[in-house]
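**Student:** Chain residues, written in single-letter form:
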Amino acid sequence: DIQMTQSPSTLSASVGDRVTITCRASQSISSWLAWYQQKPGKAPNLLIYKASSLKSGVPSRFSGSGSGTEFTLTISSLQPDDFATYYCQHYNSYPLTFGGGTKVEIK
Amino acid sequence: EVQLVESGGGLVQPGGSLRLSCAASGFTFSDYYMDWVRQAPGKGLEWVARSRDKASSYTTEYAASVKGRFTISRHDSETLLFLQMNSLKTEDTAVYYCVRDLGGGKEVVSGDWGQGTLVTVSS
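Read top to bottom, the protein sequences are chains F and R.
In case it helps, my numbering puts the first sequence at residues 1 to 107.
In case it helps, my numbering puts the second sequence at residues 1 to 123.
Same shape as in the complex, but just chain F:
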């Protein structure tokens, strides 16, 4: 199974900050990676797929990069609505697996 490791697990930041979350795969997954945002009590929302493709309707302050085993999600200027937990997920092979999550908190 491919293990997905996210860092950091918690991140404290202020509105307007540039935020970067890292996701590492235990083996190459090419660009078959998605990023999700989840708020408490709600279902996750897809932000990015195929490592860097922005889902329609997602603000352009979100961007993704990487390939192979190392990926990043960047929020260029953190907004109040962005405080949430973020998950990466690969879809290279079965089983599909998620990272452990990164909680973005208010500093």
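Read the hints as simulated data drawn from the structure, not as lab findings.
All residues carry an ideal CB built from backbone N, CA and C; glycine is no exception.
The reader is advised that the hints may include incorrect statements.
Only some residues are given here: those of chain F computed to face chain R with a beta carbon under 8 Å [claimed, not checked]: (1) Ala43; (2) Tyr49; (3) Lys55; (4) Gly57; (5) Phe62; (6) Phe83; (7) Tyr94; (8) Pro95; (9) Phe98.
EDC-like, lysine to aspartate or glutamate: derived pairs with alpha carbons at most 16 Å apart [stated by the list, open to error]: (10) R/Lys54 with R/Asp76; (11) R/Lys106 with R/Asp31; (12) F/Lys39 with F/Asp81; (13) F/Lys103 with F/Asp81; (14) F/Lys55 with R/Glu107; (15) R/Lys54 with R/Glu91; (16) F/Lys50 with R/Glu107; (17) R/Lys67 with F/Asp81.
With the Cβ distance kept under 7 Å, some of the chain R side facing chain F (calculated, not the full set) [to be verified]: (18) Gly16; (19) Leu18; (20) Tyr97; (21) Gly111.
Take the given structure of chain F and dock chain R to it, following the hints.
**Tutor:** Chain R in isolation, oriented as in the chain F frame:
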């Protein structure tokens, strides 16, 4: 507008069974891979099962933790997705989400999720 509405969750004793349903609308159901994902209370996300689309003959995949106990199926004419859960364990306690294509089915990932249904396995 894509809608996915789960139902069928509830309290069940260890060893019992439960069938979850997901009513889909707003898209051509038979054209899409469909997934079940679960989230234990306060924990992360875990993929559970997949049903591929009609073009892939509705073939299925399962996580090791549920293989042999859970069965994913679909009723395309009624645009319903099911998850039959047998031999339930306390560790199956989670919110179960129905998802339109977690990736791999089409070039553009849908990633649409329902609101989830809570399954509690406890005596």
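**Student:** Decide, hint by hint, whether the structure agrees.
**Tutor:** Hints and how they fare:
1. At about 4 Å, the closest approach between the beta carbon of F/Ala43 and any beta carbon in chain R falls short of 8 Å, and the interface hint on this residue holds.
2. Using the Cβ-Cβ criterion of 8 Å, the hint placing F/Tyr49 at the interface with chain R is satisfied: the shortest such distance is roughly 4 Å.
3. Annotation: F/Lys55 was flagged as interfacial toward chain R, and the flag holds, the nearest CB pair being 7 Å apart, inside 8 Å.
4. For F/Gly57, the shortest C-beta to C-beta distance to chain R is roughly 12 Å, which exceeds 8 Å, and the interface hint is violated.
5. The restraint placing F/Phe62 at the interface with chain R is violated, with a minimum CB-CB distance near 14 Å, outside the 8 Å limit.
6. Look at F/Phe83: its Cβ only gets to about 18 Å from chain R, farther than 8 Å, so that hint breaks.
7. Taking 8 Å as the C-beta contact cut-off toward chain R, the hint placing F/Tyr94 at the interface holds, the least distance being around 5 Å.
8. For F/Pro95, the interface hint holds, since its Cβ comes within 8 Å of a Cβ in chain R; the closest pair sits about 5 Å apart.
9. With a cut of 8 Å, the hint placing F/Phe98 at the interface with chain R holds, because the nearest CB-to-CB distance is about 4 Å.
10. Restraint check: the Cα-Cα separation between R/Lys54 and R/Asp76 comes to about 9 Å, which is no more than 16 Å; the hinted pair holds.
11. Between R/Lys106 and R/Asp31 the CA atoms are separated by roughly 9 Å; this keeps the pair inside 16 Å, and the hint holds.
12. Taking the CA atoms of F/Lys39 and F/Asp81, the gap is near 10 Å; set against the 16 Å cutoff, the hint holds.
13. With a CA separation close to 13 Å, the supplied pair F/Lys103 and F/Asp81 stays within the 16 Å bound.
14. A distance of roughly 12 Å separates the Cα atoms of F/Lys55 and R/Glu107; the hinted pair therefore holds under the 16 Å criterion.
15. Between R/Lys54 and R/Glu91 the CA atoms are separated by roughly 32 Å; this puts the pair beyond 16 Å, and the hint is violated.
16. For the proposed pair F/Lys50 and R/Glu107, the alpha carbon gap of about 8 Å is at most 16 Å, so the pair holds.
17. At roughly 38 Å between alpha-carbon atoms, R/Lys67 and F/Asp81 are farther apart than 16 Å, so this suggested pair is violated.
18. With a cut of 7 Å, the hint placing R/Gly16 at the interface with chain F is violated, because the nearest CB-to-CB distance is about 25 Å.
19. Restraint check, R/Leu18 versus chain F: the minimum CB separation of about 20 Å is more than 7 Å; hint violated.
20. The interface hint given for R/Tyr97 is met, as the beta carbon of that residue sits about 6 Å from the closest beta carbon of chain F, less than 7 Å.
21. About 3 Å separates the beta-carbon of R/Gly111 from the nearest beta-carbon of chain F, less than 7 Å, and the hint is met.
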